[in-house]
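Enquirer: Sequence:
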Amino acid sequence: MKRRFAVQEHHASRLHFDFRLEMEGVLRSWAGPKGPSMDPADKRLAVEVEEHPLEYIDFEGAIPEGEYGAGQVVIWDQGPYELFEMKEGKMVFRLEGEKLRGKFSLVRLKKSRTGKDWLLIKQKDEHALPGWRLNLVLPPLGKPIFILFFHLPILEEVTPMSQKNASGRSKERWPGACLSVLGG
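When we follow the working numbering, the leftmost residue of the sequence shown carries the number 1, and every step to the right adds one.
Derived from the structure by calculation, the hints contain no laboratory data. Quantities reported herein were computed from a predicted structural model and do not represent experimental measurements. Glycine included, every Cβ here is placed at the ideal spot set by N, Cα and C. Mixed in with the good hints there might be a few duds.
To be verified - Cβ pair distances, simulated, as ranges:
#1 W132 <-> P64: 33 to 39 Å
#2 P130 <-> G61: 19 to 25 Å
#3 P53 <-> L83: 28 to 34 Å
#4 V107 <-> E24: 16 to 22 Å
#5 G89 <-> R3: 17 to 23 Å
#6 A41 <-> I63: 31 to 37 Å
#7 L83 <-> T114: 20 to 26 Å
Stated by the list, open to error - DSS-like mimics (lysine-lysine), calculated; alpha carbons at most 27 Å apart, straight line:
#8 K34 <-> K90
#9 K103 <-> K124
#10 K111 <-> K2
#11 K34 <-> K103
#12 K90 <-> K116
#13 K110 <-> K34
#14 K87 <-> K2
#15 K124 <-> K34
#16 K116 <-> K99
#17 K124 <-> K43
#18 K99 <-> K43
#19 K116 <-> K87
With the hints as constraints, model all of the structure from the sequences given.
Expert: Encoded structure:
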């Protein structure tokens, strides 16, 4: 039976990624400082945290200052998953997201002081990508963003042309104009 998973990019006091698996009517959840990887050589720490209600699987937005986890949250990836193996200290599953695809395992670390430390590991399969690098959806907090806007001369009158982007939202396009966003 296919269930849902989500990875949320969470810009709290420290950037981390919340990995969530739908199980038994709740979201089992792990927080990972480096996020998941498609490279089987990467073994990513995933600290088990409290379960969340299923409704949280689609959450994006700002958690207000003063509340636990305050900061911006966006969906980094999501989709269905299939659980193959679940025993004490080990889970094996196949993810079918846009970014994360193929077999993964979560393995509890035996020498964890709290018993909540796991490793999230991409299995070697046709979806494995050695050397893969994670890309953020949002810019890191505390990093300045520089926006450069300049207009290229053109000989005709400039009028906006409406386009639909990949999410179906309209955006305006200005022929002859260039916008660059650079991280600091």
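Enquirer: Which earlier hints turn out false for this structure, listed by number in ascending order?
Expert: Hints 2, 3, 10 are the ones this structure does not satisfy, whereas the remaining hints hold.
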